[in-house]
Amino acid sequence: DVVLTQTPSTLSATIGQSVSISCRSSQSLLDSAGNTYLYWYLQRPGQSPQLLIYLVSNLGSGVPNRFSGSGSGTDFTLKISGVEAEDLGVYYCMQATHAPLTFGSGTKLEIK
Amino acid sequence: QVKLQQSGAELVKPGASVKLSCKTSGYTFSTSYMSWFKQIPGQSIEWIGMIYAGDGGTGYNQKFKGKATLTVDTSSSTAYMDLSSLTTEDSAVYFCARPYVYYGLLPYWGQGVMVTVSS
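The listed protein sequences correspond, in order, to chains R and S. Numbering of the first sequence is given in the working numbering, commencing with residue 1 and proceeding in unit increments. Numbering of the second sequence is given in the working numbering, commencing with residue 1 and proceeding in unit increments.
Simulated from the structure, these hints should not be mistaken for laboratory data. Errors might be hidden in some of the hints.
What follows is a set of in silico ranges between Cβ atoms, one per label pair, in the way DEER data are often shown [claimed, not checked]:
#, chain 1, residue 1, chain 2, residue 2, range
1, S, Tyr-52, R, Gly-16, 44 to 50 angstroms
2, R, Thr-10, S, Thr-58, 33 to 39 angstroms
3, R, Ser-12, S, Gly-57, 41 to 47 angstroms
4, S, Ser-85, R, Asp-1, 20 to 26 angstroms
5, S, Thr-87, R, Asn-65, 33 to 39 angstroms
List of simulated lysine-lysine pairs, DSSO-like, C-alpha gap at most 30 angstroms [to be verified]:
#, chain 1, residue 1, chain 2, residue 2
6, S, Lys-13, S, Lys-67
7, S, Lys-65, S, Lys-3
8, R, Lys-108, S, Lys-3
9, R, Lys-108, S, Lys-63
For glycine and all other residues, C-beta sits at the position ideal for the given N, C-alpha and C.
Construct the complete structure from the given sequences, taking the supplied hints into account.
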């Protein structure tokens, strides 16, 4: 199975600060058709995951544009440009290029 | 709007089975897929498998073959997951989620159901 390694495991930020989360894959997530099935989800405390980014860099419906995704191959990044209080929770990257679908270990964002 | 409503928390004994439900509304269930996930509290998320409501076709994570069985009832727009031979390692929150366009693109999730396996 594809292993996704997220760093850091915990992130502490002040309101307005910009932060980045890294997601590294054990295999390239580029498929033979040229698609990269890498997603980012946020799970707020006690809630279900919610989609933030799909196909590396596309913003999910209703997701604020302070979130952005980038990367290719095996290295991917989620950036939050100006953290807000509602952004606290655990961020997961997820890949669907190789079966089975797998998630990273998560990055917990705390607000100082 | 799309809604996925999961059944309530379960407390089951080791060795028993449990059937979880995910009742949907707001979209055409019979031509859609449904995925199921497991999350042990404080840990990451695992994909269990996916079912196509149109013909009941399924795909499973090898890890959950023999543990989970996915079914649907198109008359009630409900997806089900049976978990068998439960052990304490099956204690977790289970989510249903509807893929959209791509099987990893999951904008719609149930609220999750806690299954506790204990004697």
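Consistency of the hints with the structure:
| no. | hint | result |
| --- | --- | --- |
| 1 | Tyr-52/S to Gly-16/R: 44 to 50 angstroms | holds (45 angstroms) |
| 2 | Thr-10/R to Thr-58/S: 33 to 39 angstroms | holds (37 angstroms) |
| 3 | Ser-12/R to Gly-57/S: 41 to 47 angstroms | holds (45 angstroms) |
| 4 | Ser-85/S to Asp-1/R: 20 to 26 angstroms | holds (23 angstroms) |
| 5 | Thr-87/S to Asn-65/R: 33 to 39 angstroms | violated (45 angstroms) |
| 6 | Lys-13/S to Lys-67/S | holds (15 angstroms) |
| 7 | Lys-65/S to Lys-3/S | holds (28 angstroms) |
| 8 | Lys-108/R to Lys-3/S | holds (27 angstroms) |
| 9 | Lys-108/R to Lys-63/S | holds (26 angstroms) |
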